[in-house]
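With the hints as constraints, model all of the structure from the sequences given.
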Amino acid sequence: MPGYRAIDLAVVAMPLFFFPLSFIVFRERFIVSMAISTFIMGVASILIISRRSDFRRILLSGGISSTVILSMIATVVLYFIFIAGGYVSILMGLWPYVDMVYTSIESSIGGYKDLLPLYLAIIGLMEEIFWRGFIQSYIVAEILGIKSSIAMLLSSLYYTLVHIPTLNPPLIAGAFFVGIVTGFVAARQGVLGSTIVHVVWLELIVVYAPASSVLGWLGVL
Numbered sequence: 001m002p003g004y005r006a007i008d009l010a011v012v013a014m015p016l017f018f019f020p021l022s023f024i025v026f027r028e029r030f031i032v033s034m035a036i037s038t039f040i041m042g043v044a045s046i047l048i049i050s051r052r053s054d055f056r057r058i059l060l061s062g063g064i065s066s067t068v069i070l071s072m073i074a075t076v077v078l079y080f081i082f083i084a085g086g087y088v089s090i091l092m093g094l095w096p097y098v099d100m101v102y103t104s105i106e107s108s109i110g111g112y113k114d115l116l117p118l119y120l121a122i123i124g125l126m127e128e129i130f131w132r133g134f135i136q137s138y139i140v141a142e143i144l145g146i147k148s149s150i151a152m153l154l155s156s157l158y159y160t161l162v163h164i165p166t167l168n169p170p171l172i173a174g175a176f177f178v179g180i181v182t183g184f185v186a187a188r189q190g191v192l193g194s195t196i197v198h199v200v201w202l203e204l205i206v207v208y209a210p211a212s213s214v215l216g217w218l219g220v221l
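For the sequence shown, position 117 matches number 117 in our numbering, and the numbering has no gaps at all.
Misleading hints may appear alongside valid ones.
[As the list claims (entries may be wrong)] Cβ pair distances, simulated, as ranges: (1) 62 x 157: 35 to 43 Å; (2) 219 x 148: 37 to 45 Å; (3) 6 x 212: 25 to 33 Å; (4) 84 x 50: 33 to 41 Å; (5) 146 x 73: 25 to 33 Å; (6) 9 x 165: 39 to 47 Å; (7) 209 x 7: 37 to 45 Å; (8) 66 x 28: 40 to 48 Å.
These aren't lab readings, by the way, just hints derived from the structure by calculation.
C-beta: ideal position from N, C-alpha, C; glycine also.
What follows is the structure, given as structure tokens:
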């Protein structure tokens, strides 16, 4: 098992700096800022893991077909969790917080709306490399020697923690569910699987079938 190094802690702490920076300081350019931040976090993770561990094993620990199947199932589950969460937000009077997220995304992309799917793909990919690859699989499971189920929970809790500065209850709760679902897939099949989930889910919930449109179609919004 590789030993702990100070650089590991520095990379682990990156979201404590980058997430508030994107969500609060540069909220008017949220999407671009988040894409840049997660890209830096992802690249740092790849450099460390590739030198000190088996990145290919972390990337793919199951068969391709089983990875794709589980990822698609998990994507559907996560998507409908968020649709249900949107409905609960309406019942609790918290929908304005959800709408705030969509508004922030739309305003931050400006006149480059056609690039939004690309930015979301970068964010989804790099977040999975960092959160499920570096934090969950490398730091918690490999270096600390904690079993995968607990590693999944701990990485999800940290992922939730860095969303707290937004003071947005639905977003904070949503982060936990994203962490659990993608963490489960990563533990079973590797980061390739969790990346498929995260990217496809992001594209659906933000661009192609947002919760506002679905709930409006159902007549509850």
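*Going back to the hint list, which numbers does this structure go against?*
As far as the earlier hints go, 1, 3 and 6 are violated by this structure, in ascending order.
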